[in-house]
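Enquirer: Spelled out from the first residue to the last, the chains are:
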Amino acid sequence: MFHKKEKIESMWLNSAERNNSKAKIEQKIKKEIQEEYRRQADSLRKRDDFREELEYFLEILSLPISPREVKKRFSGPFVGLYCIQAPLELFDALGFHPIRLCSGSLAIQRLSAPFLPALSCPLIKSCISAFYLDESIEKLCDIVVVPTTCDWNTKLPEMIPEKASPLYIMELPHIKESERGQIRWLEEIYELKRFLQQRAGRKLNRRQLQISVNKYMKGWQVFGRLIEFRRKRLICGTWSIVLANAFMIDDVESWTERVNIVLKNYGNPKGNSNPGVFLAGSPVFFPYLKISELIEEAGMDILADELCTSERLMASVVYDEPSEYGLLKALSERYHLPCSCPTYIDNDRRLKNILNTMRAYNIKGIVYHLLKGCHPYDIESFYFEKVIKENGFHFLKIESDYSREDRQNILARLEAFRETLC
Amino acid sequence: MKIRILIILIVFFLFIFIRGVDIYAFSPGDDYLWLEFEQCIREKNGSLTLPLRLNYGRFPGAKKGLRELDDVSVFYSLAETDDEGKPVFYAARIQKDKQNYSVNINSSEQNHFIVFAQAKKKRNKITDQYLAKTSFLLFGHAFFKKKNTRTILSREVNRQLEIRTVPDVQCWPQTGNSVKIIPVFKKGRLAQKAISLFDENLPSVEIMTDEKGECAYIPPEDKRLNQKGEREFKQTVIVTEETQGGIRYISSYTLLLHRSRFKNHRFFMGVAIFLGTMVVVFLFVIARRKRIKF
Amino acid sequence: MKVYESRFLIQSISFAVLTYGGRLGLRLGHWLPCFACPYVGSCSGHCYLMALQRSQWGFQIPFAEFISVWGLRALGMFAGFVLLTLVLSKAWCGWICPFGTLQDWIAFLRRKLGIKELQFSWSLRDRLKPIKYIFLILLIVIPILIANAGLHSDFGLPFCQICPAKKLMPIFQGNFRYFAVDVTNPITVFMTIVSLILTAVFFVGMFFKDRFFCLFCPLLAMISFFDKIGFVRLKKKVDACTSCGNCQRICPVDIREVHLEKEKKNVLTQDCMLCLKCVESCPQDGVLSFRFLNKTIFSSSKNYISKCFIKKKR
Chain A
0 MFHKKEKIES MWLNSAERNN SKAKIEQKIK KEIQEEYRRQ ADSLRKRDDF
50 REELEYFLEI LSLPISPREV KKRFSGPFVG LYCIQAPLEL FDALGFHPIR
100 LCSGSLAIQR LSAPFLPALS CPLIKSCISA FYLDESIEKL CDIVVVPTTC
150 DWNTKLPEMI PEKASPLYIM ELPHIKESER GQIRWLEEIY ELKRFLQQRA
200 GRKLNRRQLQ ISVNKYMKGW QVFGRLIEFR RKRLICGTWS IVLANAFMID
250 DVESWTERVN IVLKNYGNPK GNSNPGVFLA GSPVFFPYLK ISELIEEAGM
300 DILADELCTS ERLMASVVYD EPSEYGLLKA LSERYHLPCS CPTYIDNDRR
350 LKNILNTMRA YNIKGIVYHL LKGCHPYDIE SFYFEKVIKE NGFHFLKIES
400 DYSREDRQNI LARLEAFRET LC
Chain B
0 MKIRILIILI VFFLFIFIRG VDIYAFSPGD DYLWLEFEQC IREKNGSLTL
50 PLRLNYGRFP GAKKGLRELD DVSVFYSLAE TDDEGKPVFY AARIQKDKQN
100 YSVNINSSEQ NHFIVFAQAK KKRNKITDQY LAKTSFLLFG HAFFKKKNTR
150 TILSREVNRQ LEIRTVPDVQ CWPQTGNSVK IIPVFKKGRL AQKAISLFDE
200 NLPSVEIMTD EKGECAYIPP EDKRLNQKGE REFKQTVIVT EETQGGIRYI
250 SSYTLLLHRS RFKNHRFFMG VAIFLGTMVV VFLFVIARRK RIKF
Chain C
0 MKVYESRFLI QSISFAVLTY GGRLGLRLGH WLPCFACPYV GSCSGHCYLM
50 ALQRSQWGFQ IPFAEFISVW GLRALGMFAG FVLLTLVLSK AWCGWICPFG
100 TLQDWIAFLR RKLGIKELQF SWSLRDRLKP IKYIFLILLI VIPILIANAG
150 LHSDFGLPFC QICPAKKLMP IFQGNFRYFA VDVTNPITVF MTIVSLILTA
200 VFFVGMFFKD RFFCLFCPLL AMISFFDKIG FVRLKKKVDA CTSCGNCQRI
250 CPVDIREVHL EKEKKNVLTQ DCMLCLKCVE SCPQDGVLSF RFLNKTIFSS
300 SKNYISKCFI KKKR
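As given, the protein sequences belong to chains A, B and C, one line each in that order.
Residue numbers are given in numbering that gives the first Met the number 0: position 354 of the first sequence equals residue 353, and the series is strictly consecutive.
Residue numbers are given in numbering that gives the first Met the number 0: position 194 of the second sequence equals residue 193, and the series is strictly consecutive.
Residue numbers are given in numbering that gives the first Met the number 0: position 89 of the third sequence equals residue 88, and the series is strictly consecutive.
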């Protein structure tokens, strides 16, 4: 299943930088990555709407470049998660610290470029590359949990080098609103529970699980307030994406506390009348914030989004049955049913929800962000465009990757789009 | 031999004495008048009509015609009293159909009826004075009530010997429920009086009143009645007599009885079935749970 | 006050009133659309199902009597039932019915013990639906047969005879006598044994499953005939529903339609008891709303969930 180590080494040496030693290249790439993260953080710090309270989140988002910091900051064994379908509460209840493995780094991609198809999803490229680093959060993780959402995730086990942390695959049923889909996903959750129990060396305690669920519900509550702020233009789209991104790494309790502080002190209405847009499409993760920054630069406000790295992250868990089964069922449904990932087959509500939000907040246009190589979103975009336009809204599809070269081009298109919205 | 017979006789009399209340006997040839219930009729206007048949003879089988009797009349009271505290009696029209004499009692609302029938029969030296009585409730629900068509009885009421029951009326009279029988003769109770009970399905019984002039009667379980539906009824006719001043007073009271509602309940059997099933279902649920993965 | 708290309060009050109110002389009539069991001696009102099966106000009358005061009385009782049903619809089941309240209490016990609820597959749940209509048809047909076709009258009040409420509700009055087997005749033996077995099944069932009896309740079936013309509505804003499944999971009688509905606005289905748990658990503002005469009484919101489902302390 995995590549042989020797093969990887030889491929490595056959690459363009074969003359330099491996360590040296790594050092160079590491520096580039650090530079990339620092540059993005700095550009955020320089913004007018930067507040001291936000510094915490930039710190958290910079953690991937210093895994030792992660170990210091958070306790417990780490679990790396791909996508957003694995139930965080379950890990928390069994004493694991879950980290969503997601990356927006361009520089790091070079590490895995030789082993991946030319047109690969940039996010996957960056994530896999992290496994080739000596030190990364990916390597820190005791387990890596991969739900089989898109094809990239499904093929992930073959792309990850041998030495990586043990993978745990969750088979995601792509039909949600059927009994068999729901039961199969619940089976997966139970299987995961058994696996984690074995790893943790203890049984799941339902009271502990209730406490964890409550923790995350508090997070959901504050996240709801954050979204409200954003809809009212009290906080801009980029910052809310940053805050949401940080949730994927941070401990939920301190994240909740910090966001609460931000929301307490933030909240001076900007008083501008920029046209609002809806950001849809492929995930956006620090330091790849190009798209949201450019939309704002072009004079538009991202009032809402449906990114899996932002607004789609959280959903409520309401349960009435405090039995272990009741809790796990609630969790399984929370991570399955409301998720509107395009890899699902019965996803017709997603468009309705988007249209509903746009109508409710008087958003006239939608920016459909597409990462090159992100097939599910790409396929879907055509139908999306048709329906959105039929409903009298404006639609702009922007296809891009992590590179910085197309910034001017995109900005020009966004400015033109703004004109249509006014 | 004589001693043996004597002993047997003594034992026999002791037996009779001990079971004194249950002597199966009634002086033969004594006929009486009684009122017999028929099926109640629900009228279109919502009122109820209860046909009562007058019979003379011996209940249940030996019915003679009423032609031998003179002065047959039927009257009833609604348990109302006039200003002097005496009950008000209304006359009821007797419908004669060949041998059959019957009376229709109609009620538009909820009423407690006490119905009497009286008759005379003159013999050589003695006159038989018959009185038949019954008491019942009728729950009529007429929308359009007829005007009061009741006519107050004008003729003399002859109630020297009357059988009273306590309770005087029951909502749902049933077997197994004790009824006190009190024979009243000229406003006084009769102590140590033999009272005969003639039942539709069971052999007749004779019981004695005690010093207070009353006796308790528990209508026994009736298997034939039990086979019928819950709303079906049977009748028991209570008869007693008293002779005084050349007149023999013979009175009857018709007791309507449903089958017992609760006397045939087997509580522990029921609880055992209930608990047993509960355990089985409980184990079934647990067993099913064990088989399922989660 | 939160909805589930006020529901608990109203349920408890109506349980007390309907079970013991008779002692205070309260008489609410024989037309109540809830299981106020007439076998409870101290009850203050009667379940309409009993009136329906009787000869006095119901269908146990000969055909000829249908066009008479007796028929009118049956009709009048039915009209009273319909009127009460129109006003509160299924809220009778979820908020007033004492037998439903009893089931909620028993289920509460199970929750406290952390015992898993019984799960029915979707197909099994769908197959159970017609049973209440079978009960309903039988409880109308049997009395008609008794009055017209000479069926033995010990089959009278057929549903009351097998109804678990007849056994369980009088317990609150200290009366256990209906647990007995009636050995009067073979029919009564049969009926009482069937009813004891059913009561045991339902009693265990209502411990393991929320509102287990309600899945089979013929009165619920009758009430649901008037859902479309009643004053009460359960509305859904289908476009804003994110399909989170909270409503489906939390529903005591496993109604899927509220969750899966994508077109229709009215989501008051035949099994719904208007307990409003779905509205409480819906995290989308205004997606589900409970309306009375077109006036919104309660609608779903994020804030409500934050208030209700998040514990402040750890």
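Rather than coming from a laboratory, the hints here were simulated on the basis of the structure.
Do not rely on the hints blindly, as some may be mistaken.
As the list claims (entries may be wrong) - Counterexamples of contact, computed for chain A against chain C with all Cβ distances above 10 Å: (1) G94; (2) F114; (3) G325; (4) L336; (5) K351.
Claimed, not checked - Result set (DSSO-like, lysine-lysine): computed pairs, CA atoms no more than 27 Å apart in a straight line: (6) K1(C) to K311(C); (7) K227(B) to K211(B); (8) K144(B) to K43(B); (9) K227(B) to K186(B); (10) K385(A) to K128(C); (11) K263(C) to K351(A); (12) K289(B) to K115(C); (13) K263(A) to K310(C); (14) K231(A) to K128(C); (15) K263(A) to K115(C); (16) K236(C) to K385(A); (17) K311(C) to K363(A); (18) K214(A) to K263(C); (19) K261(C) to K128(C).
Computed from a prediction, not measured in an experiment: that's the story for all the values here.
Using N, Cα and C, we set each Cβ at its ideal position, and we do this for glycine too.
Enquirer: Does each hint fit the structure? Answer for all of them.
Expert: Consistency of the hints with the structure:
Non-interface call for G94(A) relative to chain C: holds, since the shortest CB-CB distance, roughly 16 Å, exceeds 10 Å. F114(A), annotated as away from the interface, keeps every beta carbon of chain C farther than 10 Å; the closest lies near 38 Å. For G325(A), the requirement that its beta carbon stay farther than 10 Å from each beta carbon of chain C is not met, with the minimum near 7 Å. Annotated as non-interface, L336(A) brings its C-beta within 10 Å of a C-beta of chain C; the closest such distance is 4 Å.
A cut-off of 10 Å between C-beta atoms contradicts the statement that K351(A) is not in contact with chain C; the least separation is 5 Å. A threshold of 27 Å between alpha carbons decides the hint, and for K1(C) with K311(C) the separation of about 16 Å falls inside it, so the pair holds. For the proposed pair K227(B) and K211(B), the alpha carbon gap of about 37 Å is over 27 Å, so the pair is violated. Simply put, K144(B) and K43(B) have alpha-carbon atoms about 12 Å apart, close enough for the 27 Å limit, and the pair holds.
Note on K227(B) and K186(B): the hinted pairing is violated, with a Cα-Cα distance of about 40 Å set against a maximum of 27 Å. Between K385(A) and K128(C) the CA atoms are separated by roughly 41 Å; this puts the pair beyond 27 Å, and the hint is violated. Restraint check: the Cα-Cα separation between K263(C) and K351(A) comes to about 14 Å, which is no more than 27 Å; the hinted pair holds. Straight-line distance between C-alpha atoms of K289(B) and K115(C) comes to about 12 Å, which keeps the hinted pair within the 27 Å bound.
For the hint pairing K263(A) with K310(C), the CA-to-CA distance comes to about 21 Å; that is within 27 Å, so the pair holds. Under the criterion of a C-alpha separation no larger than 27 Å, the hint pairing K231(A) with K128(C) is inconsistent with the structure, at around 47 Å. Annotation: proposed proximity of K263(A) to K115(C) is violated, straight-line Cα distance about 41 Å (limit 27 Å). With a CA separation close to 23 Å, the supplied pair K236(C) and K385(A) stays within the 27 Å bound.
Proximity of K311(C) to K363(A) is assessed by CA-CA distance (about 39 Å); at most 27 Å being required, the pair is judged violated. Using a Cα cut-off of 27 Å, the hinted pair K214(A) and K263(C) is violated, with the two alpha carbons roughly 36 Å apart. Of the supplied pair hints, the one linking K261(C) and K128(C) holds, its CA atoms being roughly 22 Å apart against a limit of 27 Å.
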